[in-house]
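Please work from the sequences and hints to get the whole structure.
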Amino acid sequence: MKYMLIIYGNKELWDSIDPAEFAKEIAAFDAFNKKYLARGELLGAYGVADAAATKLVRLTDGQPAVTDGPYLETKEYLASWYLLDVESEERALAIAAELPSAKFSPVEVWPVLHEASRETGVDTGVA
Amino acid sequence: MNGGAGAEDLLRELAPQVLGVLMRRYAGLDSCEDAVQEALLAAATQWPATGLPDSPRAWLLTVATRRLTDILRSESARREREDAVSLATPPAVLAGADAWLAEGRTAGARGSDDTLTLLFLCCHPALTPSSQVALTLRAVGGLNTAEIAQAFVVPESTMAQRISRAKQQVRAAGARFTPPAAADREQRIRAVQQVLYLIFNEGYVASAGASLQRADLSAEGIRLARLLRRLLPDDAETAGLLALMLLTDARRAARVTPDGALVPLVEQDRTRWDRTLIAEGAGLIASTLATTSALGPYQLQAAIAAVHGEAASVTDTDWAEILTLYELLARVSPGSLVSLGKAVAVAMVHGPAAGLAATDELAGVLASHHRFHAVRGHLLEMSGDPVPAADAYRTAARYATNTAEKRYLDGQSRRLRRL
Chain A
12 MKYMLIIYGN KELWDSIDPA EFAKEIAAFD AFNKKYLARG ELLGAYGVAD AAATKLVRLT
72 DGQPAVTDGP YLETKEYLAS WYLLDVESEE RALAIAAELP SAKFSPVEVW PVLHEASRET
132 GVDTGVA
Chain B
20 MNGGAGAEDL LRELAPQVLG VLMRRYAGLD SCEDAVQEAL LAAATQWPAT GLPDSPRAWL
80 LTVATRRLTD ILRSESARRE REDAVSLATP PAVLAGADAW LAEGRTAGAR GSDDTLTLLF
140 LCCHPALTPS SQVALTLRAV GGLNTAEIAQ AFVVPESTMA QRISRAKQQV RAAGARFTPP
200 AAADREQRIR AVQQVLYLIF NEGYVASAGA SLQRADLSAE GIRLARLLRR LLPDDAETAG
260 LLALMLLTDA RRAARVTPDG ALVPLVEQDR TRWDRTLIAE GAGLIASTLA TTSALGPYQL
320 QAAIAAVHGE AASVTDTDWA EILTLYELLA RVSPGSLVSL GKAVAVAMVH GPAAGLAATD
380 ELAGVLASHH RFHAVRGHLL EMSGDPVPAA DAYRTAARYA TNTAEKRYLD GQSRRLRRL
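Residue numbers (our numbering), protein chains in the order written: chain A, 12 to 138; chain B, 20 to 438.
Honestly, the hints are just simulated from the structure, not real lab data. Treat the numbers as computed from the prediction; the structure is a model and nothing was measured. Careful, some of the hints might be misleading.
Unchecked claim - Partner residues aside, some chain A positions facing chain B, computed with beta carbon under 8 Å:
| # | residue |
| --- | --- |
| 1 | Asn44 |
| 2 | Leu48 |
| 3 | Ala49 |
| 4 | Gly51 |
| 5 | Leu54 |
| 6 | Asp96 |
| 7 | Glu98 |
| 8 | Lys114 |
| 9 | Pro122 |
| 10 | Leu124 |
| 11 | His125 |
| 12 | Glu126 |
| 13 | Asp134 |
Unchecked claim - Cross-link-like lysine to aspartate or glutamate pairs, in silico, DMTMM-like; alpha carbons within 20 Å at most:
| # | chain 1 | residue 1 | chain 2 | residue 2 |
| --- | --- | --- | --- | --- |
| 14 | A | Lys114 | A | Asp41 |
| 15 | A | Lys86 | A | Glu23 |
| 16 | A | Lys46 | B | Glu175 |
| 17 | A | Lys114 | A | Glu23 |
| 18 | A | Lys45 | B | Glu175 |
Glycine residues also receive a C-beta, built at the ideal position from the N, C-alpha and C atoms.
Now the structure itself:
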């Protein structure tokens, strides 16, 4: 079963962390990634730039128009996501609890339902 | 592999036998298994040009032994570099190899024992089910890492990590290339059966998607179950497992619509069922049940599948027989999903109200399982309650984690809302 773990946050939250502490957190994330890549349970780990860097692309009369994003106006924005392939939901939840950021921000765990085959592009239809 | 289907089948049949011979001599699942994989690759690239060797088995054994020598030498050199301590020089692998190469020409009883021991090792209790599956497909199935990764839709590097980690865990658990102790044997056989069933099911459940690679896993599950049955001809549960796979696979063509929605058993076009597979599966389970001394869950599930397979339609189905089989199944292998299957049989025999009552006690444990809500939807519709039925189907669709099932459940919900 594949699961996506999502971490949300905002600039205030990241700025509130002491720089020395932040470096330690980054090292903890690296250790987390290394551990679960080696176990064959983590397929990928990604982080995005600040929400201020997001752009929105809209088609207006067939012409793309670019404005500042993000689309959803919320307090917390997407920060990082992790793709897991694990034995069970319990396992996904246990790994989510090990994310270093879980100490100060909740982790969202989504079962993945659709995935395109790398060979054919067709939906494999499996989680 | 481009060496033709015949050569590929032969290679995959020989793979566990050759690995068995190496393992008996040199232990070390990781090195031996890598060596056999390299020999398989060499055969797949060379045989199409050179034609089949006189003894394909001896050819593979020779090449695998040479590869193993290289692997052990380079491992030893690496250890020496790393430790700066001169460890034992690699064993003279090739010395004396001629003597047992002769033995390598014929499979014989020893080849069968080796294959079984290898299956036990791959399904070692120290491993997680997905590691057992991956290792079995590679070491016994003769599939390469890329093929296994493709079948499970994960990157090849991830699958390589899993396989190498599984090998390390087998080694760390102190597992040796010997059959399990008599006291553990039954349990270890059950573990092997479960792994083969997982392989089959992975392909079957996913075959709704247009990914043929995954459908191939069902064929591989059946191939390995046939192999296990040859190795354990007197084990009734192994016969039950194979029968269950055949009877389930027989319905493959009827179980999804062309646009990929699931078709439940009761609505399937039975003219599209594979009668040859049904006959083989039903025959196998009938003869097994006639002589079995240990009734188990695979035999009972196969027996249920056989009753469905031999019925001309839903109304012609012997539901009383199915209910009896479910009652037995609930006794030998109790579980909430078995109880759910039983509730459907109760509804078909005693009416939907009795079926719904039987599902009530499952509402807690199965609250977020799509199948519970799907069954409730079906039984509510049978009771003439389309509105709650539509709601139950909608809830089921929300919990479904398979596209084909989700599509079917959403369709049911919409259909009932239009009534």
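To see whether the hints hold, each was checked on the structure:
no.	hint	verdict
1	Asn44	13 Å, violated
2	Leu48	7 Å, holds
3	Ala49	6 Å, holds
4	Gly51	3 Å, holds
5	Leu54	6 Å, holds
6	Asp96	5 Å, holds
7	Glu98	5 Å, holds
8	Lys114	27 Å, violated
9	Pro122	5 Å, holds
10	Leu124	6 Å, holds
11	His125	6 Å, holds
12	Glu126	6 Å, holds
13	Asp134	6 Å, holds
14	Lys114(A) with Asp41(A)	16 Å, holds
15	Lys86(A) with Glu23(A)	10 Å, holds
16	Lys46(A) with Glu175(B)	17 Å, holds
17	Lys114(A) with Glu23(A)	16 Å, holds
18	Lys45(A) with Glu175(B)	17 Å, holds
In summary, the numbered hints that this structure violates are 1, 8.
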